Amino acid sequence: MTYPTKAEARVALQGAEQARRSVIDQIGMPGWYWWGLAACWIVLGVLADVSAAWWIVLGATVAVGAGHSYVFQRLVGGRQRTGDVKVRADVAGRDAHLLVIAFLLALVAVTVVLALLLDADGAGHPSIWASVFVAILLLLGGPRVMDWIRARATERTAAQ
Amino acid sequence: MTPEARFDELIHPSTRLSIVALLAAADWADFAFVRDQLDLSDSALSKQLATLEEAGYIAIERPLSDRRRRVRARLTPLGRERYAGHVAALHEIIAEAPAAPASVSVED
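Chains as they are written, first to last, in the numbering used here: chain S, 1 to 160; chain Y, 161 to 268.
Misleading hints may appear alongside valid ones.
Said to hold, decoys possible - Over 12 Å on every C-beta distance to chain Y, these chain S residues come out as not near it, computed from the model: (1) Trp-32; (2) Asp-49; (3) Ala-52; (4) Leu-58.
To be verified - Partial chain S-side listing against chain Y, Cβ under 8 Å, derived: (5) Lys-6; (6) Ala-9; (7) Arg-10; (8) Ala-12; (9) Val-85; (10) Lys-86; (11) Arg-88; (12) Val-91; (13) Asp-95.
Derived by calculation from the structure, the hints in this document are not laboratory data. Predicted model, so just to flag it, every value in this text is computed and none were measured. Beta carbons are placed, not taken as given, at the ideal position from N, Cα and C, and that holds for glycine.
Generate the whole structure from the sequences, applying the supplied hints.
As structure tokens, then:
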């Protein structure tokens, strides 16, 4: 058996790291996920302002939540952005999906607080304005959260 | 747990090492994805996958649920263990002088 030299071993590890990074690059949500979620956010905001019946708003919220849960599981929390590859949980970070969920819950809190503040200020259609503002935050921030998760995964790879 | 360093001649050729490294980061990967990422031809990738499958390092799956005809590859537990051992062996070679003779080619 012939062993590689130090230089050959280094080149071999670089090649392996490059291959690993090509998988890490696949971590993320497809663009339609963020756009769809932002659209649903605005629809819920509109319903909250214009719908007279509370049960319609509640029903729509539950439907969006259930739909999102299904899609989120299909995308495995960002580990299966396409049907081409499924990134391992320990590579993406076992808490990667929790970070996305935490981001979404934070946006829910921002929506509610902002709508209440706008309502207290006497603004017309507070829920619509709050949901539009948060939808923009979602479109801008969602991909950044995934960038951060990818960067963490790359750092872990470099540390190994 | 640190894997036991074990140089693996089957994995070491650069193309196979890249394939195994890619699969080590994934639960599974589509044939076309591996081919495109590593810039290989269909036949070259098929040949390497067949070698790795024969050694029991990877498993080839053909999911029936998709409309498209797909071929997926995944690393087996044996393949994962051997890859980890091989990477550890490469790190050892870099960290210290290799105990075994180096593969130096001498031209006349």
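Can you list which hints this structure breaks, lowest number first? 13
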